[in-house]
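Q: What follows is the residue order along each chain.
There are 2 protein chains.
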Amino acid sequence: MIIKNLPHKTVERLSQYRRALLMTLSKEKTHVFSHEIAQMLHITPVQVRRDLMLIGYSGNLRKGYDIKELIELIGKIIDSDKGQRVAVVGLGNLGKAIISYFKGKRSKLSIIAAFDINPDKINRVYDGVPCYHIDQMTDIIKQNNISIGIISVPSTEAPEIAETLVLSGIKGLLNFTPKPLNVPPYVYLEEYDMITSLEKVAFFAKKNDERFK
Amino acid sequence: MIIKNLPHKTVERLSQYRRALLMTLSKEKTHVFSHEIAQMLHITPVQVRRDLMLIGYSGNLRKGYDIKELIELIGKIIDSDKGQRVAVVGLGNLGKAIISYFKGKRSKLSIIAAFDINPDKINRVYDGVPCYHIDQMTDIIKQNNISIGIISVPSTEAPEIAETLVLSGIKGLLNFTPKPLNVPPYVYLEEYDMITSLEKVAFFAKKNDERFK
DNA sequence: TTCACATTGCTAAATTTTTCACAATTAAAA
DNA sequence: TTTTAATTGTGAAAAATTTAGCAATGTGAA
Ligand SMILES: NC(=O)c1ccc[n+]([C@@H]2O[C@H](COP(=O)([O-])OP(=O)(O)OC[C@H]3O[C@@H](n4cnc5c(N)ncnc54)[C@H](O)[C@@H]3O)[C@@H](O)[C@H]2O)c1
Ligand SMILES: NC(=O)c1ccc[n+]([C@@H]2O[C@H](COP(=O)([O-])OP(=O)(O)OC[C@H]3O[C@@H](n4cnc5c(N)ncnc54)[C@H](O)[C@@H]3O)[C@@H](O)[C@H]2O)c1
Numbered sequence: 020m021i022i023k024n025l026p027h028k029t030v031e032r033l034s035q036y037r038r039a040l041l042m043t044l045s046k047e048k049t050h051v052f053s054h055e056i057a058q059m060l061h062i063t064p065v066q067v068r069r070d071l072m073l074i075g076y077s078g079n080l081r082k083g084y085d086i087k088e089l090i091e092l093i094g095k096i097i098d099s100d101k102g103q104r105v106a107v108v109g110l111g112n113l114g115k116a117i118i119s120y121f122k123g124k125r126s127k128l129s130i131i132a133a134f135d136i137n138p139d140k141i142n143r144v145y146d147g148v149p150c151y152h153i154d155q156m157t158d159i160i161k162q163n164n165i166s167i168g169i170i171s172v173p174s175t176e177a178p179e180i181a182e183t184l185v186l187s188g189i190k191g192l193l194n195f196t197p198k199p200l201n202v203p204p205y206v207y208l209e210e211y212d213m214i215t216s217l218e219k220v221a222f223f224a225k226k227n228d229e230r231f232k
Numbered sequence: 020m021i022i023k024n025l026p027h028k029t030v031e032r033l034s035q036y037r038r039a040l041l042m043t044l045s046k047e048k049t050h051v052f053s054h055e056i057a058q059m060l061h062i063t064p065v066q067v068r069r070d071l072m073l074i075g076y077s078g079n080l081r082k083g084y085d086i087k088e089l090i091e092l093i094g095k096i097i098d099s100d101k102g103q104r105v106a107v108v109g110l111g112n113l114g115k116a117i118i119s120y121f122k123g124k125r126s127k128l129s130i131i132a133a134f135d136i137n138p139d140k141i142n143r144v145y146d147g148v149p150c151y152h153i154d155q156m157t158d159i160i161k162q163n164n165i166s167i168g169i170i171s172v173p174s175t176e177a178p179e180i181a182e183t184l185v186l187s188g189i190k191g192l193l194n195f196t197p198k199p200l201n202v203p204p205y206v207y208l209e210e211y212d213m214i215t216s217l218e219k220v221a222f223f224a225k226k227n228d229e230r231f232k
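These protein sequence lines map, in sequence, to chains L and W.
Every letter in the first sequence is one number past the one before it in my numbering, and letter 64, counting from 1, is 83.
Every letter in the second sequence is one number past the one before it in my numbering, and letter 59, counting from 1, is 78.
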């Protein structure tokens with residue numbers, strides 16, 4: 020299912036709605052109100068209703084939204100029906116943490132390979148994910164139709180790795196190194212740096228502290 | 020230095036500008052143009068100039084911005100002069116990765132303690148950071164004036180940990196578990212979940228793929 | 001059957017964030 | 001000294017995102 024021009028923020032929240040709903044799933048409760056979802060995610064009920072409106076989902080006036088239906092619909096929109104395969108490049112601290120975190124989380128989004136340059140890590144299996152030598156990357160990506168790459172190599176290596184991933188036909192990249200990358204427009208790039216998050220927390224914590232004292 | 024109501028997005032970018040500038044720092048180059056900063060971070064030059072305008076920094080019309088001065092000014096704004104101390108709660112895969120990543124990165128923002136419940140991890144030092152039993156958390160936070168907490172325990176434990184952190188006097192929280200937390204308004208909370216990032220990448224990668232094919 | 005009322009769905013307004021467009025400026029070149 | 005050209009700084013416009021406000025509605029109680 021395609022809904023044209025879903026805002027970036029809405030896509031993020033849909034992912035969060037689904038995860039929150041999956042977490043609260045229980046037998047007794049089949050429906051949920053917009054204000055309940057909102058409370059879980061620290062946003063307003065209007066925001067939730069607006070997002071659901073954008074994906075064309077209608078709730079029941081007295082019972083709220085059907086949890087099972089909603090989870091399913093979000094899946095229809097943000098997942099790809101054939102599923103998408105993911106590779107992690109750089110099996111260090113972070114790479115391992117990511118693999119262990121994803122294990123068994125999403126059926127439509129599966130990490131099926133890791134790549135590294137360190138011989139100690141190659142040809143071993145971590146949490147069900149085999150690790151290959153970086154030289155095999157292009158072949159394995161093409162053979163397995165991997166469309167998404169997660170970059171967790173040292174930042175100095177990141178640009179070269181990104182280039183290889185793009186040449187291998189990857190469609191989306193999640194970059195955890197602090198080195199900003201350049202990719203062609205047909206590849207979607209998302210960058211995340213914990214330091215930015217932490218500095219933001221530090222800034223607003225400091226500010227709050229002044230305001231509330 | 021306080022500038023009132025700096026937009027959230029601007030705070031994030033200031034952190035990124037500083038990091039990007041620190042990374043490109045060299046002897047030959049003392050100045051940088053807005054379009055150079057913009058290119059590094061995939062944003063527009065106007066955006067850069069607007070942000071710098073908001074913090075009241077003026078560049079040189081022909082030479083651009085003085086790199087050293089700018090880094091210093093950003094520090095004056097987003098850092099706290101006394102520095103802020105940080106604790107990591109939950110020294111698993113992710114907790115260790117975070118500590119190793121921060122080692123020696125920011126002088127004004129230092130991780131000085133970790134807490135866990137697993138006896139194997141307690142009373143050991145990881146990358147220079149000592150790990151204590153979770154029961155000592157409140158005392159150690161108060162004694163060392165730790166104002167920021169990073170939560171990387173299993174998500175089931177997160178709400179209780181957050182509550183304890185708040186009671187211990189923490190001012191800012193960075194939550195890496197997928198469990199949304201509730202904190203009082205005087206505590207700044209930032210939540211990050213990799214699954215949201217990855218699902219977003221997957222969604223837009225899929226979309227791009229349809230658009231460009 | 002009627003009524004009361006909590007909730008949805010949605011238009012319009014408000015707010016936040018980004019971009020446009022261009023005057024002002026200044027360092028270097030002529 | 002004058003000219004040239006590139007860049008900054010910023011008011012105003014545009015775009016994106018969030019919120020307000022409220023009619024419509026359907027459910028359960030009276
Ligand atoms: N640790 C964190 O929490 C964290 C957070 C944010 C970002 N990062 C960034 O993520 C990256 C990885 O962090 P980490 O802590 O896992 O580092 P790490 O050193 O533990 O892991 C890096 C891994 O990449 C491998 N590698 C090196 N060069 C390679 C190459 N050319 N091809 C393939 N593999 C290669 C190494 O063998 C190693 O296994 C770094 O850039 C770091 O800045 C880390
Ligand atoms: N691994 C990732 O990349 C990743 C990414 C995003 C979020 N997360 C989330 O971060 C959290 C940690 O992930 P992880 O991979 O490091 O898990 P992990 O199991 O490796 O580590 C959890 C650590 O917390 C400790 N712990 C458990 N209960 C505790 C308590 N009550 N007090 C103090 N410490 C306690 C455990 O002893 C362990 O050391 C999880 O909630 C996970 O969902 C992980």
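Source of the hints: derived by calculation from the structure; they are not laboratory data.
As the structure is a computational prediction, the values presented were derived from the model and not from experiment.
Treat the hints with care, since some could be wrong.
Note that the list lumps identical chains together, so a pair holds whenever it fits in one copy or between two copies.
Below, computed lysine-lysine pairings styled on DSBU-like, alpha-carbon distance capped at 30 Å [what the hints assert, rightly or not]:
no. : residue 1 : residue 2
1   : K122      : K95
2   : K124      : K226
3   : K226      : K95
4   : K95       : K140
5   : K48       : K140
6   : K87       : K198
7   : K48       : K198
8   : K198      : K226
9   : K226      : K28
10  : K140      : K87
11  : K101      : K82
12  : K82       : K161
13  : K82       : K122
14  : K28       : K48
15  : K140      : K122
Q: Are the hints correct? Go through all of them and say.
A: Okay, the hints, checked on the actual structure:
1. K122 <-> K95: within (22 Å within a copy, 42 Å between copies)
2. K124 <-> K226: between (37 Å within a copy, 22 Å between copies)
3. K226 <-> K95: So K226 and K95 pass the 30 Å test across copies only (13 Å; inside, 42 Å).
4. K95 <-> K140: neither (37 Å within a copy, 43 Å between copies)
5. K48 <-> K140: neither (45 Å within a copy, 40 Å between copies)
6. K87 <-> K198: between (40 Å within a copy, 20 Å between copies)
7. K48 <-> K198: Between. Shortest inter-copy distance 19 Å satisfies the 30 Å Cα cut-off; intra-copy 45 Å does not.
8. K198 <-> K226: So K198 and K226 pass the 30 Å test inside a copy (28 Å) and across (25 Å) alike.
9. K226 <-> K28: both (26 Å within a copy, 15 Å between copies)
10. K140 <-> K87: neither (41 Å within a copy, 41 Å between copies)
11. K101 <-> K82: neither (33 Å within a copy, 52 Å between copies)
12. K82 <-> K161: neither (47 Å within a copy, 47 Å between copies)
13. K82 <-> K122: neither (34 Å within a copy, 51 Å between copies)
14. K28 <-> K48: within (28 Å within a copy, 38 Å between copies)
15. K140 <-> K122: Answer is both; intra-copy 18 Å and inter-copy 23 Å each pass.
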